[in-house]
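Trainee: Each chain, written out:
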Amino acid sequence: MIVQLLISSLVIGSIYALLALAMSITYKASEVPNFAQGEMAMVSTFITFVLLSTYNFSFYIALLGSIVFAFLLGVLLEFVFLRRAKDPSPLSYIIITIGFQLMLYGLAAWKWGSEQQQINLPFSESKVIYQNDSFAITELNLATIVISLIVLFIVYLLIQKTKLGLAMKACQQNVNAAKMNGISANMIMAVSFGISSVVGAIAGVLIAPIITLDPSMMWDPLLKGFAAAVLGGMKSLWGVVIGGFLLGIIENLFGFYVSIEFKSVVAFLIIVVVLYFRPSGIFDKHYVRKV
Amino acid sequence: MRDLKTNYFEDLRLFNSRVQIFWTVVLLVGLFALPLMVKSYYLTIVNLMAVNVIVALGLNLLVGNTGQISLGHAGFVALGAYTTVFLLKMGVPILIAMAMSGVVAGLFGVLLGIPSLKLEGPYLAIATLAFGLAVTIILGRVDALGGRMGISVPKINLNWTGLKYDTSLYYFIIIITILAVIITRNILKSRIGRAFQSIRDSDIAASAIGVNLTKYKLYSFAISAAFAGVAGSLWALYLGFINPTLFTFILSITFLAVVVLGGLGFVAGSVMGAVVMTFLNLQLENVVDIPVLGSIVTKFSEMFMMPDGVANVSWVFTGLILILVVIFEPLGLYGIWIRIKIFWKRWPF
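For the record, the sequence lines run as chains A and B.
Note that our numbering has the first sequence beginning at 1, numbered continuously upward.
Note that our numbering has the second sequence beginning at 1001, numbered continuously upward.
Take the hints with a grain of salt, since some may be wrong.
Short derived list, chain A residues pointing at chain B, Cβ under 7 Å [said to hold, decoys possible]:
(1) Pro90
(2) Ile98
(3) Gly106
(4) Trp110
(5) Gly113
(6) Phe226
(7) Phe268
(8) Leu275
Source of the hints: derived by calculation from the structure; they are not laboratory data.
Glycine is no exception: its CB is placed at the ideal position from the N, C-alpha and C atoms.
Given these sequences and hints, build the entire structure.
Mentor: Rendered as structure tokens:
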């Protein structure tokens, strides 16, 4: 039974890890915890759904379409709203993302209604790939984990091995020095939001068959992803991914052995306790800002 | 130049000028005469506004004046509401029950404040958010408090006023709200308020000049939570029935939106924000009935959207208002008011 629990923890954990990574990318770029992340992912997932069921595209083309859409949506948030803020403080950025979240939620609920939809991925939940006495892996489980790992790996390559990633890091460390070296800091910021939105959108498409597709589908997963990012330390790439898997495991084990009702409470209480001892998450160094 | 203050006692005064006293008296007379003029439906709107004013005052102390963020104020409101219901069922008089709601919420505020002392930015946001969610989920599972189905609030005994129940409840809520405004304003003008503001501007500099960070941050959390607790208590009385789904994450966000819309760090801002936001929410719920905007929205929704999802327009407008306020007027409604005032004071120059 424990193996089966671990498999389902890995499935949900990989989605939390993707969402946590998405939060972390924008947070590193701009110190903005993007509360609109979940709604952006939800709208992108709906785009996949529409491309699949209304226009009858194949899954991969639909996914590509929604990835492009998600990228543009992320750039839009940065370019149209965040960049215009007068006298920006962290709080005003948070408010802008919350405002964007409410707008997207309203638009989605207006357009697609609040009833639950079914999205058809080419991976089925009933087809079992491997089975023995104690556990079974379905096609959907495997696909979720594999796709998440691929996305995590691509983001890792993008940030660690490309010129774009180098420019992103330069902007995080010192914006003015980066600008003097010819990096367009504004563009890097917009691209960061785009990438993070794409990562979130993939998480949305992967979680849609597990929970059903409706405008409020991402509220809970986003909070968990955010919590996972904070647990690992928002600025450490490995930290947020490990935080995601850790949160998935804690939640599932607690849900099975202790109480399913208090499953989400325990995740949050653990985070409060962890933050008490490690104020910047488990894997991040804590700095006190200078005067 | 009556705006310049020449000594400390002028800063402490509740009113700066006769004009201010005059308008305050007009407002108070208006509020107290309102039940004679309008139907009880409008009284309930004012009640809702008043409850939001109290939460906003407390949250503004924490967010606007101390510079800490809270995404969990719905949790404190829930604590206040459930404490009041519990005590009223035990037969405790309402004033004591309400005070206890404030105390209980305040204690939980300290409890949340302790791990939050070292946190800032998104870490503080997620800790408070986690707290708010946890409180709501746990309260919603306690069977003695009605569990998921909710619990009805006993009517309090206001017969001694000799008025209708609605009217006396209205007076009760309004008086508490006025007291809350005066208390907040006095806290801000005192040593505690100045300590809060120094923590907001720079916590390290504040501690260097002798402000005890631990003490004043905990004060801030406690006072803010206590206000939310009292507001929760009044909200329960006004609704007559509470259940855990009222106190969601979205409610916490709405409170934050109220404070930002009104103006961070200003008492008048909290009041304006709460009144305007409540009014807007009520209007937008029936967006189709608004004269010009309604028909545009209906047309648009027939062409592109689902016509029966039109109620969700209120989310879009709320979000848009938040974004526009932050981008164009960071001081919120209070900032607009100040600019209008300065314009007329200097007019025609």
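Trainee: State for each hint whether it applies.
Mentor: These are the hints, each one checked on the structure:
1. Pro90: Constraint on A/Pro90 satisfied, holds at 6 Å.
2. Ile98: holds (6 Å)
3. Gly106: With a closest approach of 3 Å, the A/Gly106 hint holds.
4. Trp110: It holds, given that the least Cβ distance between A/Trp110 and chain B is near 4 Å, below 7 Å.
5. Gly113: holds (5 Å)
6. Phe226: holds (6 Å)
7. Phe268: holds (3 Å)
8. Leu275: This hint holds: A/Leu275 lies near chain B, its Cβ roughly 5 Å from the closest one there, short of 7 Å.
Of the numbered hints listed earlier, not one is contradicted by the structure.
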